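Trainee: In case you want the letters, here they are:
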Amino acid sequence: MNAWKTFWEACLIVAGATFAGITVIVAVRGFSDLREMFASLARQKNEDAVKNKSDK
Amino acid sequence: MTFTTLDWAIVAGYLAASMAAGLIGKRYVGNLSHYLVAGRELGTFLGIATLAATEIGTITFMYNAELGYRYGFASFAAALISGVVMIIVGRTGFVIRRFRELRLMTVPEFFEVKYSLGLRLLTGVLVAVGGILNMGVFLKIEGQFLTIVTGIPSRYLVAAMTAILMLELIYTVLGGMVSVVITDFLQYVLLSIATILISIYTVYHTGWSALVSKVTVTMGRAGFDPIASPKFGVMFLLWQILLWFSIHTCWQTTAMRMFSTRSPEVSKRVMTWTGFIFLGRGMLPMLWGIAALALFGTGALQNGVPQPIVGGHAIAPLDAMPSMLAHILSPGIKGIVVAGMLAATMSVNSSYLLGWSAIISQDVVMPMRRFMGRAPLSSRAQMFVNRIANLFVSLFLMFWGLYYTPPGAVYLYLNITGTIFLAGAFAAVLGGLYWKRASTAGGYLAMLCGAAGAIIPFFFLHWSENITGFTAFGLAAAGMIAGSQLVPRKNALPLQAFAVPQNEPKESP
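If you read the sequences in order, they're chains C and W. The numbering of the first sequence is this note's numbering, which starts it at 1 and goes up by one. The numbering of the second sequence is this note's numbering, which starts it at 57 and goes up by one.
Simulated from the structure, these hints should not be mistaken for laboratory data. The model shown is predicted, which means the values in this text are computed figures rather than measured ones. Note that beta-carbon positions come from the ideal geometry of N, C-alpha and C, so glycine has one too. Take the hints with a grain of salt, since some may be wrong.
[Unchecked claim] As a list, the in silico DMTMM-like pairs of lysine to aspartate or glutamate whose alpha-carbon atoms are at most 20 Å apart: (1) K270(W) / E47(C); (2) K82(W) / E9(C); (3) K82(W) / E47(C).
[Claimed, not checked] Pulled a few chain C residues facing chain W out of the computed Cβ check, cut under 10 Å: (4) A20; (5) G21; (6) G30.
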């Protein structure tokens, strides 16, 4: 039972630490991903609009 | 009332910010690809945020805390399996890499690419029914959490949950995946802060040694050793491994994130890092459940576990964790935690609404039109059908979700309803991707045997969840093999013929 207890303690520490660490990284770097996504979607939307116009 | 004005102000601020962020998404939606897979423009970090937010809801915290309360530290095994399997899928690219290369928008779409239009339709129906039934219990349980923690009288529960569902529906219908991704990002940050705060408060308030000794006294070895636990055991662990491989590869809302990434390599990275988050997604709320056991577990034994007693009244183990939060969190912190839980609720519900409505429109309505010989719909018309499907799913959830109570542990109920289609879909996907002899007949048999293997043993023969789950996966695999051997595939194009190379052109509407 003690081995299991130690094992779950170690797992919990790893889980808590990685959860907190990844949250910080994603919160900071996710913003630039979001900006890139907006730019790319706006570009795609404009290209679609131009294509639709020329098709007409 | 346990909620102060400060707490309400924090929650109102969050709801306003979330709604505003969601509405921004509508500006960027020009065609169906934008609406369903965000133009396949998700980078690694945004992908992690949206995948984690999609699969972490108040419902997740509730059922994991319930597992912790009922089975102690042994329940950590389920969390460990979910995280480790996800990391393996991410590192190897098992299924997800090939799915991404095929540029799919839904999982059943693969069944047409590999098998037939009819099998896509059958899979679409099974996935939609199983998925919506699975989601059907979310609202009530999330409402229970909010009612207990905020102290709102339960008669307002239906109105409060309907209002939240309406808010999610507005931005999901208007902006599709783009809105969902933006709000997921905001919601992920907030729900993670809430998760960390609760975990710190819980251990600080209860004390680590009190948690360990309560589990030791109440459950003995079974509270730590998942193999010795009467509810778990080797069979449970094996079923969980199979189930989590199928969820991380074939679950529509997870798969949609993989389809939305910039490239197969990005999808692998997203899956790997989210695997680490999944360890905490399970273990941290399980820890809260154990803390609730230590604080309130003083009632008569029920299935070997003391009933929680709060204010002199016995309550359900599912309600023990929110009752604990209502007791231990201070004003201000409680507002942040409830805003975080609302964030979790909204991110899951909006993603699930989009996921299941996508299945209804793309894999049920569109194939039926083709069967009837109707012309294909334009991208704009498909988005309209999707929005109508979204409304339909929401209405169903309001009526079914608020009144239906699942029997037994919620985690196991969700696992079984998911298995109805996951067992067959997983067997058919594996066969389709990795076995040259997989045939359409094998696909049909896998889907039908998998569904029958989950429904008949659980609902009619009343077998345990472990045995039912194992039976469903076994029957689905047997169906795939037997069907493919008996009715072999003829003149099939290799899947590589459908794959789109890395410098792929953008989808046209």
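Trainee: Grab the minimum C-beta distance from G21(C) to chain W and call the hint holds if it beats 10 Å, violated otherwise.
Mentor: Hint on G21(C): holds, closest Cβ of chain W at ~8 Å, below 10 Å.
Trainee: Holds or violated: A20(C) as interface residue toward chain W, Cβ cutoff 10 Å?
Mentor: holds, 6 Å
Trainee: Against the 20 Å threshold, does the CA-CA distance of K82(W) and E9(C) hold or violate the hint?
Mentor: violated, 45 Å
Trainee: Given the hint that K270(W) pairs with E47(C), test it: the Cα-Cα distance must not exceed 20 Å.
Mentor: violated, 63 Å
Trainee: Going straight from one Cα to the other, do K82(W) and E47(C) come out at no more than 20 Å?
Mentor: OK: K82(W) and E47(C) at ~17 Å, within 20 Å.
Trainee: Holds or violated: G30(C) as interface residue toward chain W, Cβ cutoff 10 Å?
Mentor: holds, 4 Å
Hint violations for this structure: numbers 1, 2, all remaining hints satisfied.
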